[in-house]
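Visitor: Protein chains in written order, with UniProt numbering: chain E, 1 to 242; chain W, 1 to 242; chain A, 1 to 242; chain X, 1 to 242; chain L, 1 to 242; chain Z, 1 to 242.
Be aware that one or more of the hints could be misleading.
Any copy, or any two copies together, can satisfy a pair, since identical chains are not distinguished.
Claimed, not checked - Derived DMTMM-like pairs: lysine to aspartate or glutamate, alpha-carbon spacing no greater than 20 Å straight-line:
| # | residue 1 | residue 2 |
| --- | --- | --- |
| 1 | 56 | 77 |
| 2 | 150 | 77 |
| 3 | 57 | 111 |
| 4 | 56 | 82 |
| 5 | 150 | 114 |
| 6 | 150 | 108 |
If you're looking for bench data, these hints aren't it; they were derived computationally from the structure.
There are 6 protein chains.
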Amino acid sequence: MDEQFLRADGRALDELRDIRITRQFTTNPAGSVLVEFGNTRVMCTASVEERVPRFKKDSGEGWLTAEYAMLPAATHERMPRESMRGKVKGRTHEISRLIGRSLRAAIDLGELGENTIAIDCDVLQADGGTRTASITGAYVALADAVATLKQRGVLPGDPLRAPVAAVSVGIIDGRVCLDLPYEEDSRAEVDLNVVMRADGTFVEVQGTGEAGTFTRAELDAMLDSAADGCEQLFALQRAALQ
Amino acid sequence: MDEQFLRADGRALDELRDIRITRQFTTNPAGSVLVEFGNTRVMCTASVEERVPRFKKDSGEGWLTAEYAMLPAATHERMPRESMRGKVKGRTHEISRLIGRSLRAAIDLGELGENTIAIDCDVLQADGGTRTASITGAYVALADAVATLKQRGVLPGDPLRAPVAAVSVGIIDGRVCLDLPYEEDSRAEVDLNVVMRADGTFVEVQGTGEAGTFTRAELDAMLDSAADGCEQLFALQRAALQ
Amino acid sequence: MDEQFLRADGRALDELRDIRITRQFTTNPAGSVLVEFGNTRVMCTASVEERVPRFKKDSGEGWLTAEYAMLPAATHERMPRESMRGKVKGRTHEISRLIGRSLRAAIDLGELGENTIAIDCDVLQADGGTRTASITGAYVALADAVATLKQRGVLPGDPLRAPVAAVSVGIIDGRVCLDLPYEEDSRAEVDLNVVMRADGTFVEVQGTGEAGTFTRAELDAMLDSAADGCEQLFALQRAALQ
Amino acid sequence: MDEQFLRADGRALDELRDIRITRQFTTNPAGSVLVEFGNTRVMCTASVEERVPRFKKDSGEGWLTAEYAMLPAATHERMPRESMRGKVKGRTHEISRLIGRSLRAAIDLGELGENTIAIDCDVLQADGGTRTASITGAYVALADAVATLKQRGVLPGDPLRAPVAAVSVGIIDGRVCLDLPYEEDSRAEVDLNVVMRADGTFVEVQGTGEAGTFTRAELDAMLDSAADGCEQLFALQRAALQ
Amino acid sequence: MDEQFLRADGRALDELRDIRITRQFTTNPAGSVLVEFGNTRVMCTASVEERVPRFKKDSGEGWLTAEYAMLPAATHERMPRESMRGKVKGRTHEISRLIGRSLRAAIDLGELGENTIAIDCDVLQADGGTRTASITGAYVALADAVATLKQRGVLPGDPLRAPVAAVSVGIIDGRVCLDLPYEEDSRAEVDLNVVMRADGTFVEVQGTGEAGTFTRAELDAMLDSAADGCEQLFALQRAALQ
Amino acid sequence: MDEQFLRADGRALDELRDIRITRQFTTNPAGSVLVEFGNTRVMCTASVEERVPRFKKDSGEGWLTAEYAMLPAATHERMPRESMRGKVKGRTHEISRLIGRSLRAAIDLGELGENTIAIDCDVLQADGGTRTASITGAYVALADAVATLKQRGVLPGDPLRAPVAAVSVGIIDGRVCLDLPYEEDSRAEVDLNVVMRADGTFVEVQGTGEAGTFTRAELDAMLDSAADGCEQLFALQRAALQ
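This is chain E alone, in the form it adopts within the complex (with noise of 0.2 Å):
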């Protein structure tokens, strides 16, 4: 590695932040997790609902949503809360659609019933890296709540298909970075995001270049680290759901 380019926090270039995953956060919702990609904290839960929106009704299928938010003192400067605005960002409809897709390549609908699974993401302490601790966390929470439906009774197969788990990679001064922090995130030139499934293959890809674009060989590079990283995660999924 490159003397000159020290990240701040001392990490090599393609080393994860410390991640902790802690089960049962809470005991309320089917699944509770707490992530944490290092100081990015958030509280994912799966919550079940023995009933499906009205476009699945009599389909024989569930369905799972997802919706992230920010407690207003998560970030650095204190945002507004979106309740009281009385509107939700642009931002927050993106991620949380993001993460519903995500989750949703998770399980076969057809196996869980006509119930629906609520995943609930909610930012604690934003670093960087929201949506796609999100993503690792509500995994997490998903596992444990299917188990818990199983458990109940209700599930008519097993709907889990495979882990899915989601890292960020950047271009800073022109090198790859992975899983950036918000000091890195905001001055990358470009940025990308994530989500695999545990066999390997992609969910979502979803890079961006406003300060900036990217060549191809670009791309291909941070689609190398992103992959070497989700490995990692993988693993870290899996030790904590023994």
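Add chains W, A, X, L and Z to chain E, keeping to what the hints say.
Guide: Relative to the frame of chain E, chains W, A, X, L and Z by itself:
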């Protein structure tokens, strides 16, 4: 104590639940506390803005506001997220206003200078007494935030006047019970929330008897029990702040 | 009484303002009352719907809801209309909920059958004590609505349990004053709203000491004064209903 | 008059209902009028703000706005409160805009200086013709408010140009009827609202024939009847203002 | 014509702008028309839903609703998008309601069966007369939608009663001018919108004289001009529908 | 090409639909383009405001925002209008944000001076690929708006950096297909939207595999196809702008 009347959790009628106050629960806000009253867990933060709302402009005084909210999965049955419904419930408004008034009794707005302290109480897990836990924890977050402001040298004086704490009392099967968890709260005939200052005076007294009215003697007994409970809470706050 | 302490309107400390209760103020609702506490004037109506909200469906019980609002020109300075702002203020929610709880203490929901009574309290002119005037007047409107329902033969039983009335008390310059107009309310150190039932029990006690806390002795003196005030209000309600 | 055509309330086809105009109905606004057209009762107020909206800033001119609303229990069946629904109905907006345009025809904005007059028309009881009663009553409240402003010496000139009044006309069973109560309004084939100035000119003419279109001859007959009705209303306004 | 009075676009006082009606402008809705009154361009669609709103359920009748909106860039200065502001302007509501009433006069709801026709009028470019262009174009879209429904065999009868068209007239410098573009509309003393049916009867007459009232003689002259204009519009609709 | 795999519209797998770009579609905005990708038709406008949002004030830089919306009758089944629902859907927000980021990559905000360009993309007819058509058309509207600003002499420099275009690619029955119409989009296993700059770099890459994840090889094939498609779109933009 009457053998026939055992509280579900084995407590005496005048006994608080286990109370835990964790400071610096997160690091972005000036004050951040996790307060636990048994299974009720609330993250209380105090954020500082170096400006005041319009009605305080050029008054030489500061202001303190508070917002209370429940995470959707905090309760036994998941509740819809207020930001997504597009409206805040009356109950939420009512508790936010109560917390604001209570904490303003703890400070001297004139000594605060033209700064605003924003209190956020977000319930991670709800098991009764969320408003009283919020007030009790928010005082500790407020004390930490004031200390931070003093260190930064932005305060003209010392705005902290006296600690503030709160507890609930109820009448269940004719007996006065202190600090009700959800199971007791939902079958109490009468519910009283009391906010006190450490000098033994009352800040707020809110008694409601929808399921059954209460006599003056019952009110007196409840006030006695609440005053005892608050004494214990002041001791716990002092211990936490050392 | 202390000569040096003359209330601006010449009343004794424990004297109510002129109270007027006009029934059948309008003719569309089942009950319609104009209540006046001095210059405070509130139109209180009780409308009947022969159905219940979802949470009461098939319970065999009825429900009672209440909404409070101020006309924009009710106050000294015109206030923006809540419907045009698109949001209802926290204060409005808080008072609506208080009126609802208070009036539910006046009836037996089981005797109401699956009917809903909607109480509306619209303040035409505000001069302090609008919530207590609302409760006092709404009881009379409710009694009229119940009589109407009985005549129509839609009630399974007699849902009226006991009259309910409310009054405010405050401490001004150290003295307990009954039934505060706006001018007194705005400089009171402590403000207590008390809702009672005609059997002498309490329905709600809401004391707030934002501008200065209060001792137990002060609370006791305020409760005494409020109980006396409510006695007089019950007499006025009875007279109006004859 | 045709014997076979008796109006339900016994009036002649070209006869107004009983009109009552009560000034100083409330005391906080600069002008406050209770206007009654038979059983239709509207509280009309005119409040003064010593500033103008942005689009009039530094124009040397004033402005006049109007808001119309129905209390929830004003109609036979209680209607949901617009503030609680979170949206204002199209009908409400439409009538508010009509009242604003009509009253602006009564004043010279240049003579008003940079002041705004806010007209509020709140329907206490609705029995047809609420918009025409509102305009007729609001003119009287406006005249009182202007007199108040002149006494306070804040007006550069005399903004009152001419009285404005309004009445409805309809065709029922082929006959032109003046000033329709709700029962007639709901079965009229055609409905015309006419706003006039006391100099005999028209401010607004709004005819609608959803349930049946109308010929030019019918329109002419309705305009004649409305002009007669407005003449009588101007006389009643003059009497009220003396 | 008076030489000194040349309209900016060279038209005679009683001359319409160039009117173009393009059917099948888009292909998803049952009827889709681009209507142009000079530079004013409105996309008018008629969509069919095989159900009715609640208040028409089991009535055997259908319903017709209409919504009007401006694209943000339709006007000279871009206007904020109503969906982003979170509220619809009063003007928008008012015009939507006018279009709905006008088009309902063109059909027999009983012959429609329990189907709903939704008219959408979206202004692509605004240059005065958007509401009259909308009504004129929407009739053609409606006729196409009805033809589609008849082909599908879902209609019990023939709901089209008579064509409906609309035009604006104004008084500018004392002269009656037909079909005002924006530049004329904004300086007209009086503005009259007239909706007629092809049998020569009136559906709506809306005259407003905010900037100056109007006499009966002026109203008569404007109605004459509007009737002539509508005659021409009916001919253009017939031509388009062949 | 595989004979057994015929696209419904007869196109080759790597063939764009018919693309049409019509400049000056309307005349009020600085740039106005109708873009058509087959049956998908979007009106893209670029409006200029000579001010910046607060967060850019005194930065010497300009800003570019974008809003995307569908007309209610754009889709096969009419959709409720977002302004009437009172909330904007998450999908709408997400696409608006994507268009904004993409177009900001086409300009140098520093060369724009303190001006704001507002892009509006209103879908008149939807048949898949509305977001990619929007970006492709909006670039042309933006180029026209910049030219207008330069003519007016309000620009300090030349803000246009490079053309930006976008296209969708999907995997259907295992084959990579370019530029999906609705019918293909709804049954694609994987969907990738790619935004490129004419220098061959990527601005955004958004791949989603809700209905089935994708391998790295599949991602590579889709990126190749998208890059070819964008090349063709840049040529069409150049032709349109000549």
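Visitor: Hint by hint, which ones does this structure get wrong, listed from lowest number up?
Guide: 4
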